[in-house]
Amino acid sequence: MPLIVRDYKWKQTEDTVTIQIPLKGVPSSNVDIFTSDNYIKANFPPFLCEVFLHSTIDESNSKCTLSDDEIVFELQKTIPQIWESLTADISKMEMLEKRKEIFDKHHQKTEQERKAKKEKMTGLRRFAVQQQIERDSITRRTIDDRRNEERAKAMNELEQWKTNEMEQILIKARTETGENTDCGKEIFVDDSHAFSIRNPEESSECTRDKPLVEKNCEKMREKESSTNIFPIPLPRTPGTVTIHFTHRDFPTPSRESQAPQEEEWLKKQVEARRATGFVAEDLRPEECNPSWLKEKGDSFYKTGNYLGAVSAYSHAIKLGSKMASLYSNRAAAHLGLGNFHKALDDCSQALELMTPRVAANLEGRAKCHARRGAILCRLGLPEAGLADFEEALKLKPNDETLLADIEHAKILIKNKPEEEEEKFDGIQIVPS
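Using the UniProt record's numbering, the final residue of the sequence shown is 432, and nothing's skipped along the way.
Keep in mind the hints are simulated off the structure, nothing from the lab. None of the values given here were measured: they were computed from a predicted structure. No residue lacks a Cβ here, since even glycine has one placed at the ideal position from N, Cα and C. There may be inaccurate statements among the hints.
[Said to hold, decoys possible] As a list, the in silico DSS-like pairs of lysine-lysine whose alpha-carbon atoms are at most 27 Å apart:
{"id": "1", "residue 1": "Lys41", "residue 2": "Lys162"}
{"id": "2", "residue 1": "Lys63", "residue 2": "Lys9"}
{"id": "3", "residue 1": "Lys162", "residue 2": "Lys172"}
{"id": "4", "residue 1": "Lys410", "residue 2": "Lys342"}
{"id": "5", "residue 1": "Lys41", "residue 2": "Lys24"}
{"id": "6", "residue 1": "Lys394", "residue 2": "Lys414"}
{"id": "7", "residue 1": "Lys394", "residue 2": "Lys318"}
{"id": "8", "residue 1": "Lys267", "residue 2": "Lys318"}
[Claimed, not checked] Computed beta-carbon distance windows for the label pairs:
{"id": "9", "residue 1": "Ile133", "residue 2": "Thr110", "range": "31 to 37 Å"}
{"id": "10", "residue 1": "Glu101", "residue 2": "Glu134", "range": "45 to 51 Å"}
{"id": "11", "residue 1": "Leu170", "residue 2": "Gln132", "range": "56 to 62 Å"}
{"id": "12", "residue 1": "Ile4", "residue 2": "Lys120", "range": "37 to 43 Å"}
{"id": "13", "residue 1": "Asn30", "residue 2": "Ala88", "range": "36 to 42 Å"}
{"id": "14", "residue 1": "Thr16", "residue 2": "Met121", "range": "35 to 41 Å"}
{"id": "15", "residue 1": "Ile133", "residue 2": "Glu157", "range": "34 to 40 Å"}
{"id": "16", "residue 1": "Glu101", "residue 2": "Leu66", "range": "36 to 42 Å"}
{"id": "17", "residue 1": "Met121", "residue 2": "Ile4", "range": "37 to 43 Å"}
{"id": "18", "residue 1": "Glu134", "residue 2": "Thr16", "range": "47 to 53 Å"}
{"id": "19", "residue 1": "Gln132", "residue 2": "Ile169", "range": "51 to 57 Å"}
{"id": "20", "residue 1": "Ile4", "residue 2": "Ala128", "range": "28 to 34 Å"}
{"id": "21", "residue 1": "Asn156", "residue 2": "Lys120", "range": "51 to 57 Å"}
{"id": "22", "residue 1": "Leu234", "residue 2": "Thr139", "range": "34 to 40 Å"}
Assemble the whole structure, with the sequences as input and the hints as a guide.
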(Lines of atoms letter the chains of each structure in order from A; the text may use other names.)
(Lines give C-alpha, C1' and ligand atoms only; values in the text may rest on other atoms or scores of the structure.)
Protein backbone atom coordinates (compact mmCIF):
# COMPACT_ATOMS: atom_id res chain seq x y z
CA MET A 1 0.00 0.00 0.00
CA PRO A 2 1.51 3.41 -0.96
CA LEU A 3 2.48 6.03 1.59
CA ILE A 4 0.37 9.19 1.30
CA VAL A 5 2.42 12.42 1.13
CA ARG A 6 0.78 15.35 2.94
CA ASP A 7 3.76 17.58 3.73
CA TYR A 8 3.60 19.44 0.43
CA LYS A 9 3.71 23.25 0.22
CA TRP A 10 1.46 25.50 -1.81
CA LYS A 11 0.88 29.16 -2.53
CA GLN A 12 -1.52 31.09 -4.72
CA THR A 13 -2.35 34.30 -6.46
CA GLU A 14 -5.61 35.31 -8.08
CA ASP A 15 -4.50 33.64 -11.35
CA THR A 16 -2.16 30.80 -10.36
CA VAL A 17 -1.56 28.09 -7.76
CA THR A 18 1.92 26.66 -7.07
CA ILE A 19 2.34 23.28 -5.34
CA GLN A 20 5.72 21.87 -4.22
CA ILE A 21 5.87 18.12 -3.44
CA PRO A 22 9.12 16.65 -2.01
CA LEU A 23 10.43 13.49 -3.67
CA LYS A 24 11.85 12.05 -0.44
CA GLY A 25 14.93 10.59 -2.13
CA VAL A 26 13.07 8.93 -5.04
CA PRO A 27 14.69 9.52 -8.49
CA SER A 28 12.76 11.83 -10.76
CA SER A 29 12.77 9.16 -13.50
CA ASN A 30 10.38 7.04 -11.40
CA VAL A 31 7.74 9.76 -11.09
CA ASP A 32 4.34 9.31 -12.79
CA ILE A 33 2.24 12.49 -13.19
CA PHE A 34 -1.51 12.68 -13.84
CA THR A 35 -3.53 15.91 -14.08
CA SER A 36 -7.07 16.96 -14.92
CA ASP A 37 -9.09 20.16 -14.61
CA ASN A 38 -9.71 19.64 -10.82
CA TYR A 39 -7.35 16.84 -9.79
CA ILE A 40 -3.58 16.20 -9.73
CA LYS A 41 -1.66 13.08 -8.79
CA ALA A 42 2.05 12.27 -8.42
CA ASN A 43 3.01 8.63 -8.00
CA PHE A 44 6.64 7.90 -7.07
CA PRO A 45 6.71 4.48 -5.34
CA PRO A 46 6.40 3.88 -2.50
CA PHE A 47 4.88 7.37 -2.13
CA LEU A 48 1.66 8.79 -3.54
CA CYS A 49 0.36 12.33 -3.51
CA GLU A 50 -3.08 13.29 -4.85
CA VAL A 51 -5.00 16.54 -4.48
CA PHE A 52 -8.68 17.21 -5.25
CA LEU A 53 -8.48 20.91 -6.08
CA HIS A 54 -10.85 23.49 -4.65
CA SER A 55 -11.79 24.75 -8.11
CA THR A 56 -11.04 24.07 -11.76
CA ILE A 57 -7.80 24.88 -13.57
CA ASP A 58 -6.77 25.41 -17.19
CA GLU A 59 -4.89 22.19 -17.86
CA SER A 60 -3.50 23.28 -21.23
CA ASN A 61 -1.83 26.42 -19.79
CA SER A 62 -0.54 24.75 -16.61
CA LYS A 63 2.87 23.14 -16.31
CA CYS A 64 4.82 20.74 -14.10
CA THR A 65 8.57 20.88 -13.38
CA LEU A 66 10.62 17.93 -12.11
CA SER A 67 13.88 18.44 -10.23
CA ASP A 68 16.10 16.08 -8.25
CA ASP A 69 14.37 16.73 -4.92
CA GLU A 70 10.85 18.00 -5.64
CA ILE A 71 7.92 18.31 -8.06
CA VAL A 72 6.58 21.79 -8.79
CA PHE A 73 3.06 22.27 -10.22
CA GLU A 74 2.27 25.72 -11.64
CA LEU A 75 -1.49 25.65 -12.23
CA GLN A 76 -3.49 28.32 -14.09
CA LYS A 77 -6.93 29.06 -12.58
CA THR A 78 -9.89 29.21 -14.93
CA ILE A 79 -11.63 31.81 -12.73
CA PRO A 80 -9.30 34.43 -11.20
CA GLN A 81 -10.02 34.40 -7.45
CA ILE A 82 -8.47 33.52 -4.11
CA TRP A 83 -9.26 29.98 -2.97
CA GLU A 84 -10.23 29.38 0.64
CA SER A 85 -8.18 26.16 0.63
CA LEU A 86 -6.19 24.05 -1.80
CA THR A 87 -8.33 20.93 -1.54
CA ALA A 88 -12.04 20.53 -1.91
CA ASP A 89 -14.06 19.70 1.21
CA ILE A 90 -15.48 16.28 0.24
CA SER A 91 -15.86 12.91 1.95
CA LYS A 92 -13.99 9.71 1.13
CA MET A 93 -16.95 8.25 -0.80
CA GLU A 94 -17.19 11.41 -2.84
CA MET A 95 -13.43 11.18 -3.45
CA LEU A 96 -13.81 7.62 -4.79
CA GLU A 97 -16.69 8.59 -7.06
CA LYS A 98 -14.91 11.72 -8.25
CA ARG A 99 -11.67 9.82 -8.86
CA LYS A 100 -13.54 7.22 -10.93
CA GLU A 101 -15.35 9.95 -12.85
CA ILE A 102 -12.05 11.75 -13.56
CA PHE A 103 -10.34 8.59 -14.79
CA ASP A 104 -13.31 7.66 -17.01
CA LYS A 105 -13.37 11.14 -18.45
CA HIS A 106 -9.61 11.02 -19.06
CA HIS A 107 -9.95 7.62 -20.73
CA GLN A 108 -12.67 8.92 -23.05
CA LYS A 109 -10.58 11.97 -23.87
CA THR A 110 -7.53 9.83 -24.61
CA GLU A 111 -9.61 7.53 -26.82
CA GLN A 112 -11.02 10.49 -28.74
CA GLU A 113 -7.54 11.93 -29.23
CA ARG A 114 -6.28 8.55 -30.44
CA LYS A 115 -9.15 8.25 -32.95
CA ALA A 116 -8.62 11.82 -34.12
CA LYS A 117 -4.91 11.15 -34.57
CA LYS A 118 -5.64 7.94 -36.48
CA GLU A 119 -8.13 9.71 -38.76
CA LYS A 120 -5.61 12.48 -39.33
CA MET A 121 -2.90 9.98 -40.27
CA THR A 122 -5.31 8.16 -42.60
CA GLY A 123 -6.24 11.43 -44.26
CA LEU A 124 -2.58 12.37 -44.66
CA ARG A 125 -1.80 8.99 -46.24
CA ARG A 126 -4.77 9.29 -48.59
CA PHE A 127 -3.71 12.81 -49.52
CA ALA A 128 -0.13 11.64 -50.13
CA VAL A 129 -1.35 8.80 -52.37
CA GLN A 130 -3.57 11.19 -54.31
CA GLN A 131 -0.71 13.62 -54.77
CA GLN A 132 1.55 10.80 -55.98
CA ILE A 133 -1.12 9.66 -58.47
CA GLU A 134 -1.45 13.20 -59.78
CA ARG A 135 2.32 13.53 -60.16
CA ASP A 136 2.48 10.19 -61.99
CA SER A 137 -0.36 11.28 -64.29
CA ILE A 138 1.43 14.54 -65.08
CA THR A 139 4.67 12.68 -65.78
CA ARG A 140 2.86 10.18 -68.02
CA ARG A 141 1.13 12.95 -69.97
CA THR A 142 4.44 14.75 -70.39
CA ILE A 143 6.08 11.60 -71.74
CA ASP A 144 3.17 10.97 -74.12
CA ASP A 145 3.29 14.56 -75.38
CA ARG A 146 7.01 14.34 -76.04
CA ARG A 147 6.60 10.99 -77.78
CA ASN A 148 3.84 12.40 -80.00
CA GLU A 149 5.96 15.44 -80.82
CA GLU A 150 8.91 13.26 -81.80
CA ARG A 151 6.66 11.01 -83.88
CA ALA A 152 5.13 14.00 -85.69
CA LYS A 153 8.58 15.46 -86.27
CA ALA A 154 9.86 12.17 -87.70
CA MET A 155 6.82 11.84 -89.98
CA ASN A 156 7.28 15.40 -91.25
CA GLU A 157 10.95 14.75 -91.96
CA LEU A 158 10.02 11.56 -93.81
CA GLU A 159 7.45 13.37 -95.94
CA GLN A 160 9.96 16.14 -96.66
CA TRP A 161 12.56 13.57 -97.69
CA LYS A 162 10.08 11.88 -100.04
CA THR A 163 9.18 15.26 -101.58
CA ASN A 164 12.84 16.13 -102.12
CA GLU A 165 13.50 12.76 -103.71
CA MET A 166 10.65 13.23 -106.17
CA GLU A 167 11.85 16.71 -107.03
CA GLN A 168 15.38 15.42 -107.67
CA ILE A 169 14.00 12.69 -109.94
CA LEU A 170 11.92 15.20 -111.94
CA ILE A 171 14.84 17.62 -112.29
CA LYS A 172 17.10 14.82 -113.47
CA ALA A 173 14.51 13.68 -116.01
CA ARG A 174 14.06 17.19 -117.38
CA THR A 175 17.83 17.64 -117.65
CA GLU A 176 18.19 14.43 -119.65
CA THR A 177 15.47 15.53 -122.13
CA GLY A 178 17.10 18.94 -122.66
CA GLU A 179 14.25 20.95 -121.18
CA ASN A 180 15.01 24.42 -119.93
CA THR A 181 14.54 24.36 -116.14
CA ASP A 182 15.04 28.09 -115.55
CA CYS A 183 11.57 29.09 -114.41
CA GLY A 184 12.58 32.29 -112.62
CA LYS A 185 11.85 34.56 -115.60
CA GLU A 186 8.35 35.38 -116.68
CA ILE A 187 7.38 36.66 -120.12
CA PHE A 188 4.52 39.10 -120.24
CA VAL A 189 2.82 39.41 -123.57
CA ASP A 190 -0.31 41.00 -124.79
CA ASP A 191 -3.22 38.61 -124.96
CA SER A 192 -4.14 39.89 -128.36
CA HIS A 193 -0.78 38.85 -129.82
CA ALA A 194 -0.39 35.58 -127.90
CA PHE A 195 -1.62 33.35 -130.68
CA SER A 196 0.11 35.29 -133.44
CA ILE A 197 3.58 34.99 -131.84
CA ARG A 198 3.40 31.25 -131.06
CA ASN A 199 3.51 29.06 -134.16
CA PRO A 200 1.92 25.60 -134.33
CA GLU A 201 5.24 23.77 -134.07
CA GLU A 202 6.18 25.52 -130.79
CA SER A 203 2.77 24.79 -129.30
CA SER A 204 3.03 21.13 -130.22
CA GLU A 205 6.49 20.93 -128.57
CA CYS A 206 5.12 22.48 -125.37
CA THR A 207 2.28 19.98 -125.25
CA ARG A 208 4.71 17.12 -125.76
CA ASP A 209 7.01 18.16 -122.87
CA LYS A 210 4.81 16.92 -120.02
CA PRO A 211 4.16 13.40 -121.37
CA LEU A 212 7.87 12.97 -122.10
CA VAL A 213 8.83 13.77 -118.48
CA GLU A 214 6.22 11.39 -117.18
CA LYS A 215 7.55 8.64 -119.46
CA ASN A 216 11.10 9.16 -118.16
CA CYS A 217 9.87 9.01 -114.56
CA GLU A 218 8.07 5.76 -115.26
CA LYS A 219 11.21 4.29 -116.85
CA MET A 220 13.27 5.22 -113.79
CA ARG A 221 10.72 3.68 -111.44
CA GLU A 222 10.73 0.47 -113.47
CA LYS A 223 14.52 0.43 -113.43
CA GLU A 224 14.64 0.85 -109.63
CA SER A 225 12.00 -1.82 -109.07
CA SER A 226 13.79 -4.26 -111.40
CA THR A 227 17.09 -3.81 -109.55
CA ASN A 228 15.44 -4.82 -106.23
CA ILE A 229 13.92 -8.06 -107.57
CA PHE A 230 16.03 -11.18 -107.03
CA PRO A 231 15.28 -14.46 -108.80
CA ILE A 232 13.80 -17.18 -106.57
CA PRO A 233 16.01 -20.31 -106.54
CA LEU A 234 14.53 -23.63 -107.58
CA PRO A 235 13.65 -26.21 -104.90
CA ARG A 236 16.41 -28.56 -103.92
CA THR A 237 16.50 -32.01 -105.46
CA PRO A 238 15.45 -34.57 -102.81
CA GLY A 239 17.86 -37.32 -101.91
CA THR A 240 17.70 -40.61 -100.02
CA VAL A 241 20.27 -41.79 -97.50
CA THR A 242 20.26 -45.54 -96.88
CA ILE A 243 21.36 -46.73 -93.43
CA HIS A 244 22.25 -50.35 -92.73
CA PHE A 245 22.10 -51.41 -89.09
CA THR A 246 24.14 -54.26 -87.71
CA HIS A 247 21.97 -57.24 -86.80
CA ARG A 248 21.81 -57.77 -83.05
CA ASP A 249 20.07 -60.63 -81.23
CA PHE A 250 20.47 -58.78 -77.93
CA PRO A 251 18.98 -55.37 -77.04
CA THR A 252 22.33 -53.92 -75.95
CA PRO A 253 24.33 -51.75 -78.42
CA SER A 254 27.38 -53.15 -80.21
CA ARG A 255 29.80 -51.06 -78.18
CA GLU A 256 28.61 -52.87 -75.03
CA SER A 257 28.48 -56.35 -76.57
CA GLN A 258 30.50 -59.35 -75.49
CA ALA A 259 30.61 -61.25 -78.78
CA PRO A 260 32.14 -64.59 -77.62
CA GLN A 261 29.82 -64.94 -74.63
CA GLU A 262 26.77 -63.96 -76.71
CA GLU A 263 27.59 -66.48 -79.45
CA GLU A 264 28.01 -69.21 -76.85
CA TRP A 265 24.65 -68.33 -75.30
CA LEU A 266 22.86 -68.40 -78.67
CA LYS A 267 24.38 -71.81 -79.50
CA LYS A 268 23.21 -73.20 -76.18
CA GLN A 269 19.68 -71.92 -76.83
CA VAL A 270 19.61 -73.52 -80.29
CA GLU A 271 20.86 -76.83 -78.86
CA ALA A 272 18.22 -76.70 -76.14
CA ARG A 273 15.45 -76.15 -78.71
CA ARG A 274 16.76 -78.96 -80.90
CA ALA A 275 16.81 -81.25 -77.88
CA THR A 276 13.05 -80.79 -77.63
CA GLY A 277 12.70 -81.96 -81.23
CA PHE A 278 11.30 -78.70 -82.58
CA VAL A 279 13.21 -75.69 -83.96
CA ALA A 280 11.19 -73.05 -85.83
CA GLU A 281 14.20 -71.96 -87.89
CA ASP A 282 14.65 -75.48 -89.31
CA LEU A 283 11.11 -75.69 -90.71
CA ARG A 284 10.54 -75.74 -94.44
CA PRO A 285 8.12 -73.15 -95.88
CA GLU A 286 5.45 -75.81 -96.54
CA GLU A 287 5.72 -76.91 -92.88
CA CYS A 288 4.82 -73.44 -91.56
CA ASN A 289 1.16 -74.42 -91.49
CA PRO A 290 -0.92 -74.24 -88.27
CA SER A 291 -2.59 -77.60 -89.00
CA TRP A 292 0.77 -79.32 -89.61
CA LEU A 293 2.19 -77.71 -86.47
CA LYS A 294 -0.84 -78.90 -84.46
CA GLU A 295 -0.29 -82.48 -85.60
CA LYS A 296 3.42 -82.14 -84.78
CA GLY A 297 2.57 -80.89 -81.30
CA ASP A 298 0.09 -83.74 -80.76
CA SER A 299 2.78 -86.27 -81.69
CA PHE A 300 5.23 -84.64 -79.24
CA TYR A 301 2.57 -84.73 -76.52
CA LYS A 302 1.82 -88.43 -77.04
CA THR A 303 5.53 -89.28 -76.66
CA GLY A 304 5.76 -87.20 -73.47
CA ASN A 305 7.78 -84.36 -75.04
CA TYR A 306 5.69 -81.61 -73.45
CA LEU A 307 8.27 -78.89 -74.13
CA GLY A 308 8.35 -79.70 -77.85
CA ALA A 309 4.55 -79.72 -77.91
CA VAL A 310 4.41 -76.27 -76.29
CA SER A 311 6.94 -74.96 -78.86
CA ALA A 312 4.94 -76.33 -81.80
CA TYR A 313 1.61 -74.99 -80.53
CA SER A 314 3.16 -71.59 -79.70
CA HIS A 315 4.70 -71.26 -83.18
CA ALA A 316 1.34 -72.06 -84.77
CA ILE A 317 -0.34 -69.41 -82.63
CA LYS A 318 2.42 -66.92 -83.55
CA LEU A 319 1.60 -67.42 -87.23
CA GLY A 320 -1.76 -65.79 -86.52
CA SER A 321 -3.93 -68.82 -86.10
CA LYS A 322 -7.08 -68.47 -83.98
CA MET A 323 -7.72 -72.23 -83.65
CA ALA A 324 -9.20 -72.91 -80.22
CA SER A 325 -7.70 -76.43 -80.22
CA LEU A 326 -4.17 -74.94 -80.27
CA TYR A 327 -4.79 -73.11 -77.00
CA SER A 328 -6.60 -76.12 -75.50
CA ASN A 329 -3.80 -78.55 -76.40
CA ARG A 330 -1.10 -76.12 -75.26
CA ALA A 331 -2.92 -75.91 -71.93
CA ALA A 332 -2.65 -79.72 -71.66
CA ALA A 333 1.09 -79.53 -72.44
CA HIS A 334 1.63 -76.77 -69.86
CA LEU A 335 -0.27 -78.85 -67.36
CA GLY A 336 2.07 -81.75 -68.05
CA LEU A 337 5.05 -79.42 -67.39
CA GLY A 338 3.47 -78.07 -64.20
CA ASN A 339 2.91 -74.55 -65.59
CA PHE A 340 -0.53 -74.25 -64.00
CA HIS A 341 -1.03 -70.51 -64.47
CA LYS A 342 -0.12 -70.62 -68.18
CA ALA A 343 -2.39 -73.63 -68.62
CA LEU A 344 -5.22 -71.71 -66.91
CA ASP A 345 -4.78 -68.75 -69.29
CA ASP A 346 -4.79 -71.02 -72.36
CA CYS A 347 -7.99 -72.77 -71.22
CA SER A 348 -9.74 -69.43 -70.75
CA GLN A 349 -8.54 -68.23 -74.18
CA ALA A 350 -9.76 -71.44 -75.82
CA LEU A 351 -13.22 -71.04 -74.25
CA GLU A 352 -13.41 -67.46 -75.55
CA LEU A 353 -12.59 -68.67 -79.09
CA MET A 354 -15.23 -71.42 -78.97
CA THR A 355 -18.06 -69.07 -79.86
CA PRO A 356 -20.81 -69.33 -80.83
CA ARG A 357 -21.56 -72.34 -78.61
CA VAL A 358 -22.82 -75.00 -80.99
CA ALA A 359 -22.84 -78.79 -81.06
CA ALA A 360 -19.67 -78.86 -83.19
CA ASN A 361 -17.53 -77.44 -80.37
CA LEU A 362 -19.39 -79.12 -77.46
CA GLU A 363 -16.69 -81.77 -76.96
CA GLY A 364 -13.92 -79.15 -76.96
CA ARG A 365 -15.74 -76.92 -74.48
CA ALA A 366 -16.32 -79.85 -72.14
CA LYS A 367 -12.60 -80.75 -72.21
CA CYS A 368 -11.57 -77.10 -71.58
CA HIS A 369 -13.91 -76.82 -68.59
CA ALA A 370 -12.65 -80.13 -67.22
CA ARG A 371 -9.00 -79.10 -67.67
CA ARG A 372 -9.56 -75.71 -66.08
CA GLY A 373 -11.35 -77.36 -63.17
CA ALA A 374 -8.40 -79.71 -62.63
CA ILE A 375 -5.94 -76.78 -62.80
CA LEU A 376 -7.92 -74.74 -60.28
CA CYS A 377 -8.07 -77.69 -57.89
CA ARG A 378 -4.29 -78.10 -58.17
CA LEU A 379 -3.86 -74.38 -57.46
CA GLY A 380 -5.84 -74.77 -54.23
CA LEU A 381 -9.13 -73.34 -55.52
CA PRO A 382 -11.48 -76.33 -55.43
CA GLU A 383 -14.61 -74.13 -55.25
CA ALA A 384 -13.85 -72.53 -58.62
CA GLY A 385 -12.76 -75.91 -59.99
CA LEU A 386 -16.07 -77.47 -58.93
CA ALA A 387 -17.94 -74.80 -60.93
CA ASP A 388 -15.97 -75.73 -64.08
CA PHE A 389 -16.59 -79.44 -63.52
CA GLU A 390 -20.32 -78.77 -63.24
CA GLU A 391 -20.23 -76.78 -66.50
CA ALA A 392 -18.47 -79.71 -68.19
CA LEU A 393 -21.06 -82.14 -66.74
CA LYS A 394 -23.88 -80.07 -68.26
CA LEU A 395 -22.27 -80.62 -71.66
CA LYS A 396 -21.57 -84.35 -71.03
CA PRO A 397 -24.13 -85.50 -68.46
CA ASN A 398 -23.20 -89.21 -68.37
CA ASP A 399 -19.42 -88.88 -68.16
CA GLU A 400 -18.28 -91.06 -65.25
CA THR A 401 -14.87 -89.39 -65.10
CA LEU A 402 -16.48 -85.99 -64.58
CA LEU A 403 -18.72 -87.41 -61.84
CA ALA A 404 -15.66 -88.81 -60.09
CA ASP A 405 -13.85 -85.47 -60.48
CA ILE A 406 -16.81 -83.63 -58.94
CA GLU A 407 -16.83 -85.95 -55.94
CA HIS A 408 -13.09 -85.50 -55.54
CA ALA A 409 -13.47 -81.67 -55.69
CA LYS A 410 -16.19 -81.79 -53.02
CA ILE A 411 -13.91 -83.83 -50.79
CA LEU A 412 -11.16 -81.24 -51.30
CA ILE A 413 -13.56 -78.43 -50.37
CA LYS A 414 -14.61 -80.30 -47.24
CA ASN A 415 -11.05 -81.13 -46.18
CA LYS A 416 -9.42 -77.98 -47.53
CA PRO A 417 -7.55 -76.92 -44.33
CA GLU A 418 -5.94 -80.36 -43.98
CA GLU A 419 -5.40 -81.17 -47.66
CA GLU A 420 -4.73 -77.74 -49.15
CA GLU A 421 -1.48 -78.92 -50.73
CA GLU A 422 -2.97 -82.09 -52.26
CA LYS A 423 -2.72 -82.37 -56.04
CA PHE A 424 -5.77 -83.16 -58.17
CA ASP A 425 -4.98 -86.11 -60.39
CA GLY A 426 -8.48 -87.34 -61.15
CA ILE A 427 -8.79 -86.30 -64.81
CA GLN A 428 -7.03 -87.76 -67.81
CA ILE A 429 -5.47 -84.99 -69.91
CA VAL A 430 -5.34 -85.82 -73.61
CA PRO A 431 -5.10 -83.39 -76.51
CA SER A 432 -8.23 -82.79 -78.53
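Review point. Does the Cβ pair Leu234, Thr139 satisfy 34 to 40 Å?
Key: Between Leu234 and Thr139, where Cβ atoms are some 58 Å apart, the hint is violated.
Review point. Going straight from one Cα to the other, do Lys410 and Lys342 come out at no more than 27 Å?
Key: Between Lys410 and Lys342 the Cα gap is close to 25 Å, so the pair holds against 27 Å.
Practice item. Hint says 31 to 37 Å; check whether the CB-CB distance for Ile133 and Thr110 agrees. Key: The hint (31 to 37 Å, Cβ to Cβ) holds, given that Ile133 and Thr110 are roughly 35 Å apart.
Check your understanding: Is it true that Ile4 and Lys120 lie within 37 to 43 Å of each other by Cβ?
Key -> The hint (37 to 43 Å, Cβ to Cβ) holds, given that Ile4 and Lys120 are roughly 40 Å apart.
Review point. Does the Cβ pair Met121, Ile4 satisfy 37 to 43 Å?
Key: Once the Cβ atoms are compared, 41 Å apart, the range 37 to 43 Å for Ile4 and Met121 holds.
Review point. Taking 27 Å as the top limit, are the C-alpha atoms of Lys63 and Lys9 close enough?
Key: Status holds; Cα separation ~17 Å.
Point to revise | Proposed proximity, Lys318 with Lys394 (alpha carbon, max 27 Å) | key: violated (33 Å)
Check your understanding: Between Leu170 and Gln132, is the Cβ distance one that fits in 56 to 62 Å?
Key -> holds (57 Å)
Practice item. With a cut-off of 27 Å on the C-alpha distance, tell me whether Lys162 and Lys172 pass. Key: At roughly 15 Å apart (the allowed maximum being 27 Å), Lys172 and Lys162 satisfy the hint.
Review point. Is the hinted pair Lys267 and Lys318 satisfied, with a Cα-Cα distance of at most 27 Å?
Key: holds (23 Å)
Review point. That 36 to 42 Å hint for Glu101 and Leu66 (C-beta), does it hold up?
Key: violated (27 Å)
Exercise for review: For Asn156 and Lys120, compare the CB-CB distance with the range 51 to 57 Å and indicate the outcome.
Suggested key: holds (54 Å)
In summary, the structure is inconsistent with hints 1, 7, 13, 16, 20, 22 from the numbered list given earlier, while agreeing with the others.
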